[in-house]
Every structure is written in C-alpha cells, then in structure tokens.
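Chemist: My request is simple: use the sequences and hints to build the entire structure.
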Amino acid sequence: MADDKGKDREKGLDSALRRKLLMGLAGLPALAMMPRGAFAAAPTSAVNTTGLAVTDTEVTVGILHSATGTMAISETGSIQAEKLAIAQINEMGGVLGRKIKIIQEDGASDWPTFAEKAKKLLVNDHCAAVMGCWTSASRKAALPVFEQYNGLLYYPTFYEGLEQSKNVIYTGQEATQQILASLDWVAKEKGAKSFFMVGSDYIWPRTSNKIARKHIENVLKGTVAGEEYFPLGHTQFNSVINKIKLKKPDVIFADVVGGSNVAFYKQLKAAGIDLSKQTLLTISVTEDEIDGIGGDNIAGAYSCMKYFQSLKNPNNEKFVAAFKKMWGDKTVIGDVTQAAYLGPFLWKMAVEKAGSFDVDKVVEASPGIEFKEAPEGYVKIHPNHHLWSKTRVAKALPNGQFEVVYESPELIEPNPFPKGYQ
Amino acid sequence: MTNPKTSPMQSLSKAVTVNDNPFMKPIEWVSLLLLAGVILVVLPLMLDGFRLNLVGKYLTYAFVALGLVICWGYAGILSLGQGVFFGLGGYCMAMYLKLEASSVENTKIQSTPGIPDFMDWNQITALPWFWQPFHSLPLTLLLVVAVPVAFAFIISVAMFKRRVGGTYFAIITQAIAAILTILIVGQQGYTGGINGITDLRTLHGWDIRQDSAKFILYFVNGGLLIGCILMAQYVKKSKLGRILVAMREKEDRVRFSGYSVAGFKVFAFCLAAAFAAIGGAMFTLQVGFMSPSFVGIVPSVEMVIYTAVGGRLSLFGAVWGTLLVNWAKTSFSESFPDMWLFGLGALFIAVVLIFPNGLAGIWREHIEPRLFRKAKGLAPAASPALPHGTPAE
Amino acid sequence: MNAAILPSSAPIGTPADEKNFLLAVEALTVSFDGFKAVNDVSFYVDPDEIRVIIGPNGAGKTTVLDLICGRTRASSGSIKYKGQELTKLSESAIVQAGVGRKFQTPSIYDDLTVFENLEISFPRGRSVFGALTFKRDAEVRDRIHEIAQTIFLKDQLDERAEFLSHGQKQWLEIGMLLIQDPELLMLDEPVAGMSVGERIKTAELLNQIIKGRSVLVIEHDMKFVEDIAHRVTVLHQGKVLSEGSMERVKNDPKVIEVYLGH
Amino acid sequence: MFGDYSLADLSSIFVMQGFAGLILFSVYVLMALGLAIIFGQMGVINMAHGEFMILGAYVTYLCSTFFQTYLPSLFGGYFFVAMALAFLASGAMGMLVEWALIRHLYKRPLDTLLATWGLSLILQQAYRTIFGPREVGVELPSWMMGSIPVTDSIEVQINGLFVIAVTTVITLGVAVLIYRSRFGAQIRAVMSNRSMAGAVGIDTEKVDRTTFGLGCGIAGIAGSAFTMIGSTGPTSGQLYIVDTFLIVVFGGAASLLGTIASAFSISQTQSTLEFFLSGSMAKVLTLLAVVAILMLRPQGLFTLKVRR
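Protein chains in written order, with the UniProt record's numbering: chain E, 1 to 422; chain U, 1 to 393; chain X, 1 to 262; chain C, 1 to 308.
Just so you know, the hints here were simulated from the structure itself, not pulled from any lab data. Heads up, a few of these hints could be off.
As the list claims (entries may be wrong) - Simulated crosslink set (DSS-like; lysine-lysine; CA at most 30 Å straight-line): (1) LYS237/U x LYS201/X; (2) LYS329/U x LYS83/E; (3) LYS250/U x LYS250/X; (4) LYS161/U x LYS154/X; (5) LYS108/U x LYS361/E.
Modeler: Written out as structure tokens, the structure is:
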C-alpha cells in the first residue's frame, strides 16, 4: 500500500498535465473534481489531511446503488433512505459544520460497473464516504477498490457474513444474527423439529441455509427434510411444493429472491398450503417484496429481520413519517431501507468523535459508536464493523405489513465468521 | 493438380492483372495507424488513470467484436454465446490469479489454508483437479485460449457437421450461455458462484492493482488487440476470407466446389472464440475479477451490438463501435440513468434499419468520399476493400 | 459404345464391365416421406459423352443430379463413378473425385469479383490450412485468365459478379466448374432465360469444353438439346421412360404420349 | 427416498406431481404458442416476446386496479375482461411494431433478432418509467385462488386448472384459425410463397401484420394468465425468452403440433427431474438434453423431410 502511494506521487506531475489536457475535452463528465482542499482555510486542513472533497462548507459523500437494471427494484429503497438521512443531517447543521453534498452513481445492476463507479467516487470525486452496494456480488466487486484507495463504504444489506474489512461498515445483519434467534424461537414456540429449505441458487441462500442446518442439527437436534435450490428467476415451484407436501415438515425455511419469490408464494397458496397452519419462516421477505407478492398470498408467513415498518417506538414513528413525507404515502419501508438509513448517521457520529474526515481516523473511532435514535431501536458498532442489533420475527398480514411476534431480549453480537457453522 | 490445357495467353495475363491482392490497402494502413495512434498514444496522453482503465476494459470487449466480424460478418454465423468464450478465457486467468492470491500465508485464517476463500466457505478441503493446472503461468496462458477454443470446437463440429445454421445456431448458442451461467452460479464451491472470482492481486508476483500495473496492462491489451486485428486481417485477405464470404452467400456452391463447408465454419467460430478468450483474460487482469454476469445472454447480445454498430464487415469498425457504445453507455448512465436503455434500444434498431453497415458504412459512404475528393488523385485508391453489398443474413 | 437401352427392371450389376462407363447409375431410388421422387432409375454415361436428361416438370431430373453430387442421399441403389461408389462420399469428396455441378439458377458469389469467383473454384488450397496459406501465383492467374477467355469474361475480371448479366452469370458458373477440370460436368438448364445470341454462344462454349470429359445436361430447350446431345434420357414421374439418340426418343410412342398427354 | 411413506401418500403425490407437470406443460404451450406463430410461421426472431407477455400482465394489473376502485361488485369476473384487453393491447402493439420495424426485415431474419432485442430494452425501460421499477402485485378474485380437495391428500390448484383451460381454448382456437379458416389459409399461403400469394390477390402486407399481431396478442394472453403464478415487473419478460425459444425450436419451428409435443416432453422431463433432483440441476439437465438432441436432430422433433 505505502509503496503504491509513493508511486502515485511520482506520477503526480504528468497526471497534472493529463488533467489539463482533460479540461479541454468537452463531454467527459466528472473532470472538474479538483482537490479543492488546496484552497481551504485552516480548519479544513485540520479535519481533512488526505485530500478528500471537503471544503469549509461542504463535504462530499457518494451514493452507489443500481438505479437501472434488475436490481433497481431492490435498491431504490436504499437510495431513498440514504437521501432522507443526509437531508436530515444537513438540516441538523451537517457534519463538523459542513453540509453533505451527494454524488449519486448508478451501478446499473452490473458488478464491474460498481467497481468502476466506486473507483470514480474515490479517485475522481474524493468522497469522504460512500453509502452503497446491495448484492454481495456488487460488494465483492467494489471491495478491492475501497481497500486499495482506502475509502469507506456503508453497506446496508443483510448478507451471508464471511467478510470483514477495515473499509466497510456493515449496517445490515450478517447471517447468524438474522437466523439463529429466529430458529430458536420457531423451535420453542411452534415445537418445530423438521425443516424444509427452499432457496435461490446463489451464495447468500446457500450460506444462510448452511448456518441454519448446522443450528437445526447440532443445537436444536431437529432434522432437515430437504434443501432445494432454484436458478435465479425460476418461476415454477409446483414440483418442490409437492415434495414439501410429501415430507410434511414442521417449518418451511425459505430464502427465495426476486421474481422467483413472487412465483413461489403465489404457487404455494394456490397449492392449498395454508400458511396459518403450515409454519413458514423466511429470511428474504421484507415489506418491499410483499408489494410484488401480494399481501393475500403470503399472509401468515413469518419473516425474521431486525426491522419492520410496523415497529412500535417513537424513533420509528418519526422515521416512517419523515420517509413518507419525502417519498410519498405509498412507499413501504423494508429492513434494508432502514439499515441504509443508519449509514449516514453512523458516519456522522464517527466523524464527529474522531474530529476528522480522514478515513483512518473515522474507522478508528467507529467501534463503540451508538445510535440511540435508530428506527430499529438502538444499534452499536462492533469492533468487527458489524452492528449489534436485535432480531425480530413478524407475521405477514394481508395488508402487506408485518406484526412483530417476537423480539430477541438482548442485542445480538455480530459474528461474521461463526465457529461451528462453517 | 496438373492442368492439361496450357493456355496460349500466359504472357497476356500478367499485363492485364491489376488485382495483386496486397495484405492491406493504403487506406487500411491509414485506418490501422489511426486506430493504433488513438489507442496507444492519444488516449493515454489525454485520459487520467481511471478513465484509461475504463477504456482498457472496453477494449477487451473489442476482441469479442473483432471475432464476431469474422464469424458473423464474414462467415454469416451469428453467435449469441460469445460471452461463454469471453467468460471461459476470463475464468482461466482468474483461476491462476486466485490461486496466487490464496497462498497459505494469505489464507491462514481459513480451516483449509492455501485454497481460495470461497472453497473454504463451501467446506471444500482440497483443491479440485481442474484447478490444479492453474498453478502454472505458462500452462494458464495456454489454457486461456485452449479451453474456450476446444469448447467452441466441440460445439461447432457437432452443429456444423449437421448443418445447423442461421437462427438455430444463434438460439442454441444462447441456450448454452444460459446453461453455463446456471452451472457456474450453482457450483459455487468450485467457481465462486454468483460473486465470481474476486479479490485478485498479483500476476506472478506483480501487483496488478497498482496504477502503474494498470497502465502497463493497458498497453499490453492495446498491443494484443492490434495483433489480433492483424491476424484477422490476414484471415480476411487470405483465400479463406473470400471462401467465408462465398459460403455466406452460396453455401452449396462452395460445397460443390470441393470444400468441406463445416471445416471453414468451425475455423471461423473457433477463431472468434479465441479472440473472445483473449479479451476475457485481459478483462480479468484489468478489472481484477471475473463473474458469471459476463457469461450470460445479455452481455453476449450486447457484444453483438458493438459489432453491428461498428459495421459487421469492418475490423476497425468493430473496435470503434465497441468504444463508442461503451463510452455512450458510461456517459449516458452517468447523466441520464433512466434514458440509457431507451438510447441503447434505439441504437440497436437504428443500426439494423438505417445503418446496416454501421460506422464503417457511414465512413465509407459519407465521410471518405468527401475527404478524398479534396485530396486529388487519391480517390481510386480509396475505394474500400469491403464489399458494399447487403449485410450477412 | 454401348448403346443398349437398359429397361428399368434390369437387375443390378448386369453390365458386363463397368470400367467402360464413366458413370453408372443403377436402381437409384429416393423417397421423401413416402413419395418416390426418383424410382429405380438406371443409366450409364460413357467417357466423352454428352447426355441430356429431359422430361416434364417434376420428373425427378434435378433430383437425379442432386443424388449424383451428394446433395440428396439415395434411399437405395448405387452410383458408380469410374468404379467408385458415390452414394457414401461427402459432397466435397465427390467434387474432388472429378464431378462438377452447375445449378439451375446461376449460383455465383455476388459480393466477389469475377476473378475471385474463379479463384475460389481453383482446385488448390481446399483445406482450411490450405486456404489460409494459398498464394495467388502465376499458375493461378494464368489459369483464371485462360478460363475467363473461354467464357467470354476476360474484360470483366475485376468486376463484382452481381453486376454481370444473367447470361454472363451462367457462363461464370460454367467457368467456375471448368477451372476444376472435372471429368463429369453436370449442368442444370444452362440456357434457361438466355437471349438467342447468348444461347448460341453457350452452345459454342459447351462444344468447346466437352473435349476430354463427359457432360450430363438437363434442358428443356429442344432445339438446344438436338444441337448438343449425343444421347437423351427421358424421365417421367421418377422413372426412365425412354433412352437413346434424339431421333429415336422423339419417335418413341411412350414419350409422345407423355408430352402430348400434358 | 420413498421408504418411509405409505402407499396412499405416494400415489397421491404421483397424481399431484402429474398435475404439476400438466400445469408446467400448459404454461410452456401458452408461452410458446405466440412465438411458434411468429418464429415458426413468419421466421421472425422476436426477442421481445417476453415483453409482449409482460404488457399483457400489466394490462391485467391495470384492470384489477380499475375494477377494485370503480366496479368492486364485478371484481370476480374481471380476469376475463383483462385477458381480452391484454390480447387487444399486445396485438395492437404487435401490429404497430410490425409496421414500424419488422416489415423492413423479412429478408434478414438475424437482423430481426437484433432489432427486437433493442425493442425489448425500450419496452423494459418504458414499463419501468410508467409502472416503477418494482414488481406489481396483481389482485386476484378469491374464487381463483386456493385449491379443490379431491381426496384427503390430493388437491387440485384452481389457478392451475384455469391455466390448463385457457391453454386448451387458445390452442384449439389457433389450430382452427390456422388450419381451418380462410385467414389461416392465407397465412399459410403467404408464408410458403409470398410472391405467389401476392399474385393471386392476397394482401400479403395485411396478412403479415395480422399474423404478427396475432402472435403478440397470444403472448399478451399468456402474460395475463401468468399473473396468477409468476411475477410482473419491468424485466420479468426476460425470464421466459430462452425457454420459449428452445420449446419452439425443439418442436420444429414450423409445426404447431411440434411445439405442443416439445412443450410436453420438456415440461415432463423438467418436472420429473425437479422432483428427484435439486431445481438447479434439473434445469441444467433439461436444457442440456434439449441442446444435445437439437445437435443430433437440428430440424427439431416434427418436420417434414422435403427436397431442398
């Protein structure tokens, strides 16, 4: 790393020449981001020693999600939440007295584009932090960029774990946080012994199911009656539904995503599986997904998340009202949307604790940061860069909302590399 | 074969012939120099490291487009599965880089150190056999081309021997792209699944993530591309190139002139696969990862459009087309993300309906005549080597 | 010359010595979904003979040529060319054995020049590797110019083939066969759609090129047939109806009935 | 794997599995029928087929919202109105596209592929702009949901029955139209010999346009019916395209019977494999089998051997 920087400096001269040449070129965007810090007054030079885009009045933060492509469905909520949080922070006076300026880039549901745009946000725009990525694939693609250029990413999605980076704060839950408590609940509450797992065929469902299987077999002493995966976008589930009928598991454990999700629940309902009698536990359905599935089709299923829109607490009521005011009455708020909302606040608090925008100092200040106004209640950053959070189980209602039926009594410690579950 | 009827006009022929079939006509040399100048001199001077790396990434697609000119433009074989070969080449390279990044030292926190991290997460405790060859760099460089070409050979021999052609071939290649994507995503223990093979660091000890490495790789990429253009030009100019054109028009006539048509199609398809594979490997090196999203149908069709925009019969056009579409994509999606798909869709339709010969056609029909009218006396030499006729079916 | 007319029911292998025939077609049958387009056809072509096949539409004439050159595979029967069985060979092997075929509509490469059209037909560099390394040397050029002279196209060598007239295209295709120097030349309606002048020139061309080879021609133009044919085979509904000299065929009551009956 | 189950359990599962296969078969036929007309009869490679289906789905969505808001008493029957409108909307769109795009490309089939791919991108973005990037949930009348218990353990999905019924009606309708009606005779005449058909007084342009519109309209009905079992979003159409083309090609492009036979064999293979293997592997094996058979028999299952 140090070696790289040395070389960068050596190349400083001709890159300045290149930039001048660039200035003459119309049509190439994003070329005006000169290191403005050079002209700043003393306080800025104190809070920004690494050439970030910080002026006396402004600090630049990037937002990097898919606004187009197949993932736009999921990522829109995150963009909205991050913009809301930033607007609220600016209203409160900004960060270290500086208003946040947003540069939004479109990852276009294409992983190299995420890497590319991440690099642009860090190298060209000198963003002090980036809120972004949604799928694991996009994060995996962008991660080396954040590590190489020492950027800071706030990643909102609940995900499979098995990762920990100096340059990322994970504001969603990792798999054990999300799954274990809810499995305990379903075993205790419903007396569940046998489970049937259905998932989309990619890393998150497979890892989550692996963790769930270990827990079911080793801790709950139950059985896994079946484990099935379908290609992303698959829409025919009748065969697996028959298999479920044959095996008669106590619990269907589902992590199907995207368009398949909609097909799965519609066909489940059509096949006469009554979710008020057959327990179904899902880790992939938030309020956002229910919009497409239809509340009627999934009513009665249990979802485990750390956040539901219907949570009863003053923080959340304020948050929901503000969100609807900004983005319209019809919008729904899912778990990831709330997690995305946390990012800007966690960053602001870490910056203020560090007294600096420098990534190294912010990272150093981050562990232990508490956010008491979080809509989900209370979160705290763990030294492993994930959040301490509660896990909740809620029942889907026909109107598309959830009714929380269980909440873990304590904050659950994030454990991205769980021993005994790998 | 001996010719029993010796002609009385042997001397005559030498006088009459003007068609001496040079490797490249003057105008083509100019085009080549122009392209090489832009890629190797102008762009590196003009762009910062970030933008240059982007152009480098685009140029890896140009390899695919180049192959499609031969395979689709000349031989009339439309493949909607070029992503398969791009991906296979890229994966071969990524496997080597991943093994190098997964040294025992780097992976000591894993339960099985020394294997790629995603294998460890999937409870795989030993490196699978088909990963073994990728410990060796020379072998990897060989396999980067050999694996995709062998795959292309199997597919194309099976299909062309049975005279599967045209639309059927296109649809079957598309299905193959779909199958391979599902397989790679599903076998995540061996392939890295949907995330692909990520976090690649060094090539034989040389850190490919640093800016200087990217700078050098850009030139390697550009050089390889120009090498491939020259190779394609050689093929195009050889009798084989003319046979491909002939085959596209009147397959039966070629067959009944004593040629095994399938063999020539297999060659064109394998050549296109080889180019795509080189592009894929360079992509992995410059971008730093490889994932199944470059194998599937959507990227494969997009690569066809690069060729169509450039002009499906023009080698240089393929490169320009690739650069243009990608540049448009990047700048459009930066400024009007919502409009981008409209633009891309309209581009597809316009290229088919209005500019079937793409950029190369526009250049030939509108720009070149004007340019060379001014430069007196050059006009005859400027006539293009490419046929003006209707595009391939 | 063996002028015997073999009845279609002749047992396979009757002819005393096959070696005298350039082409021996015996009991050839092909059916498309039960319809027998060619049904038990046998005929024999001598070296240096011009044989014309005539018959009403749908008689199976073109199918017979397709079968000989391998474009269609026979259901049963045999085709022996210089004693070699053709029904098992690939199309390109049949061509390389010395059988050339001209199609009904001019089948040339519009996008290439006349020179390139002829060059592709030049019998060298037919493998993939051979085509890659093929050199346009003096032998090739001389031969192409010679052929161009023969087919009246020496001034059009550098012209793109699509700009040729219909008659010139037919000649070009004949030239493309000629350059292969086949021992058996099969022509499907070589003068169809030609002007009178072109027709005369074509007859002249054919008479000039038949030296040292056999020619199998399908033609409707009776005047033209009379001009060139050594012998005539009449096909009707996939079977051989009559065979012999033009004079003899013309007076065959079966032939008269078929033609007048239509 | 069946050792632990009673005979009654097993037999009822086999019945239901057979029924699942039947539903999949109907879904495939419905998906492929429109394309069989467009690709099989006209030779146009319509990559936007999935987007025409989704158009039908969106029309159904609009209908359901409309009926819910303005005619709640008639909501139970809205689906039939929706299917008719979906047919009309997709059909009209198809005719427009034929006029603007396809008619220039009849001699360049591979170019129709590129142009319609472009069209599919435009339609996707249009859906996204109009309906938003998220999937929309289509409300169904309650009588269409759930299942009818036949015995204690055998249940029959109502929406499955509905799809089977729709498929049967549409397929019979198309068969009658193409093989028994005057219009069908015109279609077949135009497709086998365009200039001859024109010469005997058939308005070939009109026939082309109507045929294309018909194919797209059927896609619209399919999309409408699939709102019962699948998702409706801007990019949902892309999910269908590979399967659909494989079914048509596997059946032998020009044959309606072939399309049905191929849908049957593919659906049964996949449904059976899915029961015994994991879903992903079932899909891969099915596709591989189809591709392998197509390599051995490129003309597909049903084609006439003809003189070329």
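Chemist: Decide if the proposed pair is consistent with the structure: LYS108/U and LYS361/E, CA atoms, cutoff 30 Å inclusive.
Modeler: holds (28 Å)
Chemist: Would you check the hint for LYS250/U and LYS250/X, treating anything up to 30 Å between C-alpha atoms as holding?
Modeler: Violated - the C-alpha atoms of LYS250/X and LYS250/U are around 37 Å apart, more than 30 Å.
Chemist: Between LYS237/U and LYS201/X, does the CA-CA distance stay at or below 30 Å?
Modeler: violated (35 Å)
Chemist: Hinted pair, alpha-carbon criterion (30 Å max): LYS329/U, LYS83/E. Please report holds or violated.
Modeler: holds (25 Å)
Chemist: Does the structure keep LYS161/U and LYS154/X at a Cα separation of 30 Å or less?
Modeler: Measuring from Cα to Cα gives roughly 37 Å; hence the hint is violated.
Of the numbered hints stated above, those contradicted by the structure are hints 1, 3 and 4, listed in ascending order.
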